[in-house]
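Now for the letters of each chain:
2 protein chains.
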Amino acid sequence: MSTPMQKHEVKAQRAAVVDTSHSPFAGLRPLSVAAVRINDAFWKPRLETNRTVTIPFQYQQCEATGRLDNFRRASGHYDGPFQGRFYNDSDVYKWLEAASWSLASQPDPHLESQVEDVITIIGAAQEENGYLDTYFTFERVPERWTNLRVLHELYCAGHLIQAAVAHHRATGSTSFLKIAVRLADHIVDTFGPDGIAGACGHPEVEMALVELARDTGDQRYVQEAQFFIDQRGQHLPLMSGSTYDQDHAPIREQREVVGHAVRALYLYSGVTDIYAETGEQALEEAVEALWQNFMTRKVYITGGAGARYEGEAFGENYELPNERAYTETCAAIASVMWNWRLLLLKKEARFADALETTLYNGVLSGVSLNGQEYFYQNPLADSGHHRRQPWFSTACCPPNVARLFASLPGYLYSTSNEGLWVHLYIANTAEVPLVNGQTITVQQRTNYPWEGEVELEVQTDRPAFFSLFLRIPAWAQGASITINGQVYSGSIEPGSYVEIQREWKAGDSVHLSLPLEVRMLESNQHVRNNYRRVAILRGPLVYCVEQVDNPGVDLDAIVLPAQSEWEVVARPELLGGIQTIQARALLHASKNAVDESPLYRPYKVEKPTYTSVLLTAIPYYIWANREAGAMQVWLPVDPYV
Amino acid sequence: MSTPMQKHEVKAQRAAVVDTSHSPFAGLRPLSVAAVRINDAFWKPRLETNRTVTIPFQYQQCEATGRLDNFRRASGHYDGPFQGRFYNDSDVYKWLEAASWSLASQPDPHLESQVEDVITIIGAAQEENGYLDTYFTFERVPERWTNLRVLHELYCAGHLIQAAVAHHRATGSTSFLKIAVRLADHIVDTFGPDGIAGACGHPEVEMALVELARDTGDQRYVQEAQFFIDQRGQHLPLMSGSTYDQDHAPIREQREVVGHAVRALYLYSGVTDIYAETGEQALEEAVEALWQNFMTRKVYITGGAGARYEGEAFGENYELPNERAYTETCAAIASVMWNWRLLLLKKEARFADALETTLYNGVLSGVSLNGQEYFYQNPLADSGHHRRQPWFSTACCPPNVARLFASLPGYLYSTSNEGLWVHLYIANTAEVPLVNGQTITVQQRTNYPWEGEVELEVQTDRPAFFSLFLRIPAWAQGASITINGQVYSGSIEPGSYVEIQREWKAGDSVHLSLPLEVRMLESNQHVRNNYRRVAILRGPLVYCVEQVDNPGVDLDAIVLPAQSEWEVVARPELLGGIQTIQARALLHASKNAVDESPLYRPYKVEKPTYTSVLLTAIPYYIWANREAGAMQVWLPVDPYV
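Sequence order for the protein chains is X and Z. First residue of the first sequence: 1, per UniProt numbering; consecutive thereafter. First residue of the second sequence: 1, per UniProt numbering; consecutive thereafter.
Worth flagging that the hints you see were computed from the coordinates, not collected in a lab. As the structure is a computational prediction, the values presented were derived from the model and not from experiment. Take these hints with a grain of salt, some might be off.
[What the hints assert, rightly or not] Here are the simulated DSSO-like cross-link-like pairs (lysine-lysine), alpha carbons at most 27 Å apart as the crow flies:
#	chain 1	residue 1	chain 2	residue 2
1	X	607	Z	505
2	Z	347	X	604
3	X	607	Z	604
4	Z	347	Z	607
5	X	604	X	347
[Claimed, not checked] Quick look at which bits of chain X chain Z covers, simulated, 3 or more residues with Cβ under 8 Å:
#	region
6	263 to 275
7	337 to 343
8	371 to 385
9	421 to 428
10	605 to 618
All residues carry an ideal CB built from backbone N, CA and C; glycine is no exception.
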């Protein structure tokens, strides 16, 4: 067997998020996070906040809450009890992953030395045999690997490995990777046909191991990941046998997304990773069916995942409550992770569409504009009580947001043998390695998502023949393209990629025009609580009405006329610069008084009478950044008005 | 201090459910369960099933699940571990309470000896000092009274006391009461200003102690109950400080029903009991405000209580999901208990209305027609997966239903100094003691709730001057009364009692005519998921549509026209004899195909087109007694059709 480290040094500067470059069953190769410089008005300020506020703030939280002390304690450098929850190591790892991706985008000597210090603290806590989990130290050593279902031991290991891979890819340093390899080897030695049976109740280690295999070339890690997914649904003593942790059936037989949403989506991500390496058809079939069930029965219009508070779980098909949507920020991030993997495999726009919807709505709502407060749940309606918090005792969401944002540049493009794929429209400059070894520069200029005009300009020292694949979002009916000012005459199908194959010369430019009309969407009839309600969208953004923009209006008395005419209003001074949309709405005349009417009353058999009110909607992702008040995504509509 | 036993022997045959006969601040006195013989078509078969099937079946369950063995174990007659949950004693006590009320209605030597055997088993498990809880025995003795918040120790004691009081009132025997008094005395000795501080996380003992005081005349038990309710909201170490167990604020300051619904409603019942004895104004104010909040913001149209699965808790104001309504059967029963206490205090029809609604819908749905299967949750919409179960590991609901049904005769009437109050319209013969010492017989003849005609005939050996108070349900607009065939000319206000004061002679009869029109109710606008939906009711019954009666119809495609004309159809062969209601409904033409349409789709800006379908609705309480299928209470309505 090859020595993993040597083989992989060449990849050091390839800071890819999920590195399918050599995966036999993947259609696309990711770009390095370092290769793409986002410079737009929408994301750049958020990523700057992530780098300058969120990441330092979360480091302080890890220090203040004893998460770092737990490592110092394990290595004998801190004299006190273990602090916090048994899975708290994972937050430090996710912070390291965020910091690593950030270093890939932007050198930062202070952050780099902080990262190395934390890695040193972690390394000191590792045992001779590679084991590393600060919860299972001292008096808890005998409990190691005894409660895989509950105690997140392999989950923490998975986050360590993912962070180490990110650190290696982002910085070229192997300081953290060596720790990860020792831990992974210990896991490989411990679990398997000849070792302990079972798998972690919270999937995570599966995708981490596959990524480690990609980073080191050591295929044992893929086999180990496969071993773990094969354990599910076997009703082994270490597993629950329940839908909660997707242990109700063998993974190859699963067809409905069930149970704890983050666990589910992490598991499916791991299975997708394994398929990219092994090409096992039964895995692909399961993953495809699960995705179909998710997208046609269980996903929120925001991309949010997980309907139920109890068990943080998916509900039944079409069970999508609004006020009590659980829609954990981590679940939305997990959906981005899964869709990204599927996109890299299958090169189909539906996955990029889902990724974009989730990113701009279900994920972005999870963090405040100031980068310091987080939602655990992201409901689609609220009375004004649900507010973001600076931290949680179970603090999975904050560093999960930080690592996704820090790695965002890596999600914009991919390459294939045919050429360059543009997934997301965000102004940036990208260095793109073509399959022939040539590197070109692509400049993307756009004010997306506020405007639909996208300009892509190619810079190259010599002409290059390749295809440019432009994603046409499914909602972009009427999109048009010009190439160097000439109208593109090929077919432009929403929900697919348009392939423009030609020889590209320096200065060639493509202009994509996406119609950003305000759209009203309704739900499938089986989503009962959205009956005769619509959601308002524009481009990838879901809109909502928030009380603060509509003072004195009872949001529960609003009705939209079927033919609402929405006006887009640029508000550069508001919330860092957004576009609101406004329309004349109807106000149920009998219902706008301060409501002391009974809970149930005889139905009045008469057509409703309305007054008129100017309604202002804001993008959903930015709600709850001002004074507390009611919020709604799904608004009643009257088809007869 | 009087010796309690002697003083109370005279009450032996007064099987009152909540005995306010001597409560200084109660307006009404209950009738004995033994005084009322229900002989109608609706309830009598259910009560017979309760007596002949449910009670024996639950005894077997208590035996089969080790609940009785736990008592034998505690007294050294069973050699094995404690079985089941720490609160399992309470199910045996509730079974004993059910059996006791049943004996009050109908002698049954076999049941009586079974009851005495169980009491003997329980008595043998009692300790010298009166302590009795089979969980805290042997190795767990040191844990006694150390975790009041979680371990239900006083809750179990409360159920013992309630059962013993019922047994004493029903049979005249003091065998069980003596055990209860010893336990209660131990509690009085243990808790209080000079003893342990704190209260039980699950209220129950409070109302039990007040009832024991009423049964024994020993006022210390009222003081002890008051001590327990005074502990709440004081943030003592033994309490949680959370809304979950109503410990977030002193009880006198509580104004919103919050937290675990059964705990809340048991607590308010206890507080109401204490007020009946002490007349403390602050308690009355709290209870009144809590009731108002409950009834105008948080109760389901079925009377169900508790919106959330997580914490089995009340949600926010107007948070009333349908599919995921928690609406525990025990919470509905607790609401009956609370409203009964309030009715006895205040003599106001609103409490009897709430009690009746809850009894006929939220409680009755909790048990199958065969008396052997139970709902824990009683949702108002379902996809067909929610089915009743024969038992639960936490089996609070089954014996709670059994004890309520067995005591139902006690809820029909009360007396006051003015005369006789008729709360519920159920055919029966009742022996009514008047304040002057005279006993009259009242025959109630009715086919309620299927028909609205009620005949009350007085039999008396000599004329009696008293008032007859007839409840006019709030929905009964247009009710009319005749007395011996003469039209009653006084005012008849729905939602109040009509007082008919006269000298009654043998054979005098009153005929009450309640219009049982089919009613369509809508929700307050703030109940968002009931937007533009109506519920169908007739008399006290909430109706629902169930798939089995509407084969091939997608229940999510149904729309009611605003002017629906409902036809009542007697179906004597169906489900023991019910009345269905039928109407021509609309079927959304585009929506009835097998639905493979996307989860979200562009809103079609056009008036809906409908086809017509004959829709059959059944009473909500009887759903899920046939083949599994979808069910809905709240149906879409189109005000323009």
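Structure-based check of all given hints:
1. About 53 Å separates the Cα atoms of residue 607 of chain X and residue 505 of chain Z, which puts this hinted pair outside 27 Å; it is violated.
2. Pair hint residue 347 of chain Z plus residue 604 of chain X does not hold up; C-alpha atoms about 31 Å apart against a cutoff of 27 Å.
3. Annotation: proposed proximity of residue 607 of chain X to residue 604 of chain Z holds, straight-line Cα distance about 21 Å (limit 27 Å).
4. Of the supplied pair hints, the one linking residue 347 of chain Z and residue 607 of chain Z is violated, its CA atoms being roughly 50 Å apart against a limit of 27 Å.
5. Distance check on the hinted pair: residue 604 of chain X and residue 347 of chain X sit about 54 Å apart at the alpha-carbon level, beyond 27 Å; violated.
6. For the region 263 to 275 of chain X, the stated coverage by chain Z is not satisfied: 0 residues place a CB nearer than 8 Å to a CB of that chain, which falls below the threshold of 3.
7. Note: the region 337 to 343 of chain X has 0 residues with beta-carbon separation from chain Z under 8 Å; the three-residue rule is not met and the coverage is violated.
8. Only residues whose beta carbon comes within less than 8 Å of a beta carbon in chain Z count, and the region 371 to 385 of chain X has 3; three or more means the coverage holds.
9. For the region 421 to 428 of chain X, the stated coverage by chain Z is violated: 0 residues have a C-beta nearer than 8 Å to a C-beta of that chain, whereas at least 3 were required.
10. Requiring three or more residues with a Cβ within less than 8 Å of a Cβ of chain Z, the coverage given for the region 605 to 618 of chain X holds, as 4 such residues are present.
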